[in-house]
Structure formats: structure tokens, C-alpha cells
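Undergrad: Put chain B on the given structure of chain A with help from the hints.
Line by line, the protein sequences are chains A and B.
With our numbering, letter number 179 in the first sequence gets 168, and the count goes up by one each step, no holes.
Numbers in our numbering are just positions in the second sequence, counted from 1, shifted up by 13.
Each hint can be trusted.
Some residues of chain A that are not near chain B, with every Cβ distance over 10 Å (derived): (1) 8; (2) 10; (3) 25; (4) 31; (5) 198; (6) 215; (7) 270; (8) 313; (9) 379; (10) 393; (11) 401.
Computed footprint of chain A on chain B; a stretch qualifies when at least three of its residues, placed anywhere within it, have a C-beta under 8 Å from a C-beta of chain A: (12) 39 to 48; (13) 71 to 81.
Hints listed in this document are in silico derivations from the structure and should not be mistaken for laboratory results.
In this text, all values refer to a predicted model and were calculated from it rather than measured experimentally.
Note that CB positions come from ideal geometry on N, CA and C, so glycine has one too.
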Amino acid sequence: MLKQIEGSRAIAEAVALCRPEVICAYPITPQTHIVEGLGEMVKSGALTRCEFINVESEFAALSVAIGASAAGARSYTATASQGILFMAEAVYNAAGLGLPIVMTIGNRAIGAPINIWNDHSDSMALRDAGWIQLYAETNQEAADLHIQAFKLAEALSCPVMVCVDGFILTHAVERIDVPTQADVDAYLPPFEPVQILDVDDPVSIGAMVGPEAFFEVRYLQHHKQERALEMIPALAAEFEARFGRVAGGLVRTYRTDDAETIVVALGSLNGTVKDVVDAMRDKGDRIGVLTLCSFRPFPLAAVRAALANAKRVVVLEKSLAVGLGGMVSDGVRKALSGIVLAGHTVICGLGGRAITRASLTNLFQRAQRNELGVLEFLDLNHAVVDRELARLAQARRAGPTAEAILRGLASAAAGARSA
Amino acid sequence: MFQVRIHGRGGQGVVSAAEMLSVAAFDEGRHAQAFPSFGSERMGAPVIAFCRIDDREIRLREPVMNPDALIVQDPTLLHQVDLFNGLAPGGFILLNSSRSFEELGLADLVGTLPAAHAVTVPASEIAMQHVGRPLPNAALLGAFAALCGQVALDSVAMAIRDRFAGRTGEANVAAARDAHDRVRTQMAAPAHA
Chain A
-10 MLKQIEGSRA IAEAVALCRP EVICAYPITP QTHIVEGLGE MVKSGALTRC
40 EFINVESEFA ALSVAIGASA AGARSYTATA SQGILFMAEA VYNAAGLGLP
90 IVMTIGNRAI GAPINIWNDH SDSMALRDAG WIQLYAETNQ EAADLHIQAF
140 KLAEALSCPV MVCVDGFILT HAVERIDVPT QADVDAYLPP FEPVQILDVD
190 DPVSIGAMVG PEAFFEVRYL QHHKQERALE MIPALAAEFE ARFGRVAGGL
240 VRTYRTDDAE TIVVALGSLN GTVKDVVDAM RDKGDRIGVL TLCSFRPFPL
290 AAVRAALANA KRVVVLEKSL AVGLGGMVSD GVRKALSGIV LAGHTVICGL
340 GGRAITRASL TNLFQRAQRN ELGVLEFLDL NHAVVDRELA RLAQARRAGP
390 TAEAILRGLA SAAAGARSA
Chain B
14 MFQVRIHGRG GQGVVSAAEM LSVAAFDEGR HAQAFPSFGS ERMGAPVIAF
64 CRIDDREIRL REPVMNPDAL IVQDPTLLHQ VDLFNGLAPG GFILLNSSRS
114 FEELGLADLV GTLPAAHAVT VPASEIAMQH VGRPLPNAAL LGAFAALCGQ
164 VALDSVAMAI RDRFAGRTGE ANVAAARDAH DRVRTQMAAP AHA
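If we strip away everything but chain A, and leave its shape as in the complex, we get:
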């Protein structure tokens, strides 16, 4: 059924259609409306056979989900930003125990300085914890990926994060085709746990494991992700057959067939990039887009196949590996091992900095003219950086940087107004 609803609402409705049995959440910032919507559905009776557990922290939220999942319940939670960092220990535990929890990340920046806006620093910080990570391009895909995520998680007994751009998607109201319960039930069978805490048939889960076995347990997590490389496209194809639309998969290409320049991006940024690519194509530029939906497992072969014939690759990244550059680029470069082409990492959108068509057009045109460096920072205000570096050089006790930059911006704005 078509509805004009907020992204968070669409995700809540999709999760509810998956018949979760336990939902745990810590309902303050940086939480989204998703769990609020689910909480209302449980209270009103719209979502039955589900316990909504209001916990005291994000650490508790995922810990309760771990317990619930180990007891055989289909379990869900959502978080973002500092919230996922606070639950980091439990994030590793859920993967190490092989519990098929689904968790939405409403992607936001990580402080300090405090910032509530969108980027991918939060999910990227936990990228190697053993969870599958899928990134949604649209709110429709965000809703659809949750339905696929439960099936994938339970098939592999591996937790899945569905990463959805905070605010840009979670707070946007747009047209969503909300599936029927019958279709979701036909796609997603009831949860059959591979391990269960049962008083009548007791087992231990998560006991101490020494050097004789830890390595193999960790390796088997990697093996699961390799199986996911085959399962993710299969589940996406099955989804398309039932629901009649494309969602998920490892990667998607857009106008890449004869492209000299291919832009790689995750999440909602792909929409703006496609608009820019269409405009540049109209002017004869041979440019296309590779959308990464699965970041863990990283689809090395699919990325290699999509990029192998390009002359240059521009990887847009909404997170900064401080001291290195980009995390997505690492995977892309590995995928292109042995293939010689120009690769550019472009860090963009940190802390909610708007990523505009104008800036992207300029960036891609510079790429076409071979003017891009290995590492670029889109719309970084170099004047502000230089002013702060000069200020820091003047005195040892220069004081806090973020506050000094804000003061400088405020006085510049006041100067502009009085001029």
C-alpha cells in the first residue's frame, strides 16, 4: 500500500511486519522515531506477540537483545552515533555468539565535538565487529532491507545492521510502498534458531575459549560473511520476484557501461549523485555510479567487475579514517588489485555538511580533467582551517579548537551583515 510517511515510520512498519518478538531500545537522543513507532504499535495492540523493553542504556539495549535472541526470540533494536559506541562490547558479542539480531543504525556523526547530524562515522567504527552491514539508498529500500535482513540474519545466524542515513532519510517524508503482511509472511519464515537457551535442554553460550579454539571461532565468522556474498544477491532476487521492486543486493550500477569515470557511494548520497550523473551524461560526459549496498561483507568481486573498465574511480565517503583517508576506498583498492586506474578518495558530508549537486558537479568535472588528488575533502573550508592553524601557532594555551572556529564564523557573519 502506498503511503506518504516519514522514513522512520516506514522502517517501523516494515520491522513490525517481520513479527519481531522482542524490541529493546533506549529512547533518547540519538535514538530515532523508529522505536517510538514500534513502541506505539506494541502498546496499541497493532503489533502482537512482541515485548517492547525500555532499557537504561544502549549497552543494555543490545545486551537484552542478545539474551532474547539466545532464548529464541526474533530480536530487534535501533541506535546511532554515540549509542552504538556505548554498546560496542555487545556489538562484538552478538556477532561472536552468532545471534541473528537486526539493528537499524540511523547514521550520525560521532563526537567530540557534539554533533547530531548525518555521516557514517558510527557504523563504520563497528564495521569489523562481525555484523553484516547493508546501506539503504532510499526510504523504500530502508524498509525493504529490514525484511531481507531478518531472513539473511536467521539463515546465517549472524547479526545484521541496516544503515540508514540519519535525518536525510530517517526524517524525510516520502512515498513508500508498505508491503502486505501476507507477502512478508510468505517471504520471511518463522525464526528457527540454531542454538537456544532452554531449561529442558541446557547448553552454555559464550563460555571461555582459549587459544586452542578462539581462532577457529573467529575464522568461522569470516566464513559466514563469505557465504553472505552469495546469499545477499539470492535474497534480493527472491525479494524482487515477490514484491516487484529492486532492493538490496551487493552492489548496483547506474550508467556505468561505457563510463570512464565511476563514482562509488553508500546510502542516500547515491540519489544526488545520480541526478548529477544524468546532467553530465546529457553533456556527453561518460560517467556512472556504483552503489555499494553491502559493505560487510565487502563484495570484492562485484566491485572489481563493475570498475575494471573505468579510467578512474571516485569514492565518496561520509567518514574519515583519521590519519589514512577513507575506509570504503580501502576495500575498493583491494578489489582493484592489479588493475591500473586512477583512484580518488573524497571525504564529504561530515557532521551533516550538505553535499550539493553544484559541489559534486565541480568535483566530477575536476576528476574528468585529471585534477583530483588521491585524497580530497569536499567543501572543506580551507580559510577556516588556515585561520585556526595560525591561531594555534600563536600561543601554547590557545584553548579549544571547535569553540574558536565557531567564534570566528560568528564574527565573520556579523562583519558581513554590517558591511
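TA: Using the frame of chain A, we list chain B on its own:
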């Protein structure tokens, strides 16, 4: 694509206005995308929300940089925020005020726009009259339907009822109709008489 930017203050229903406008367009079978300017909203602080309307899927995720229409819910923002920044040539301005653009010192700005592309409407007073609270958003959406023709008044009414149940919904619909009719009357009158 038609792009709208709505300015107001926290508590005035700025984000709701953008969402209701998107629902009105959706009800007409069109694609629409409503989203707030992302900030930590608080009562009284300047708030911006956006709405895009198109006949095809909207992929663009940048903030609205060059709006085709501006809706200003709070005229006290005139001296605080660069309200008219980026307004597309030939765009529309809808301002909540009982005063004219001339009285507000905006005659020069409005003069750069085509005739009948800018109106003021006393939306807060209209809301007081019909709803009993000075929440101008529903009235302004009715006025927007008259000014820009992007959505029909009936679609706006449906979107308002979708958001507000029962008597509150009907009162807001009445406010929207009232503002719509006033703008129609203004636009029929000789321009800037």
C-alpha cells in the same frame, strides 16, 4: 520539480506544514519529499523545512537551495534570517502578515517578481478565528494552493484531516479555505493598488 522552503519558529508547525504539503501532493498521485532543516529544534528558534514536488521519483537529497516558493510563517524573522536567499527567478513568496509588502518595506523585492507571485495573508489571525490558536500553517497551505496552483485546496484539506482528527482538523480546514479565498480575491484585484 517544484521546490518549497518554509520558514518559521519552533512550535509553529513548520515541519508539519512541509509534511502536510507533501501529503497533499501525494494524494494527487505526485511524488513529494518533505524534510526539516536538521537541527536541534526548540520553541521559538528559527526553523526551516522543505518540500519538493515532482511527477517522477525524487532522488535529490541536498537542501533546497533555490526554492520556487517561500512560505514565511513568522514575519519577525524578516530581520533575523536571510529569508529570500536563493529564491528562483519568477518564484513565489507567501508571507504571514496582516500588513502589505509595501508596509513591511519589501516593495522593491516583490517588484522583481512577476505579478501575482507574492501575497501576504494574516494567517495567524485566521487561525485564531477558526482554530482558536495562532498556528498559521494550515491557513498558509490553503493560501499556497491559491498562490502557486501546485496542489488543489481539496488535497490540502485531505492532508490536514490526515494530520488532525475531528474538530481540530475541520477547524484547520476552515482556516485553509478562508486563507485560500482571501488570496484568490487579492490576486483577482489590480496588482499592488
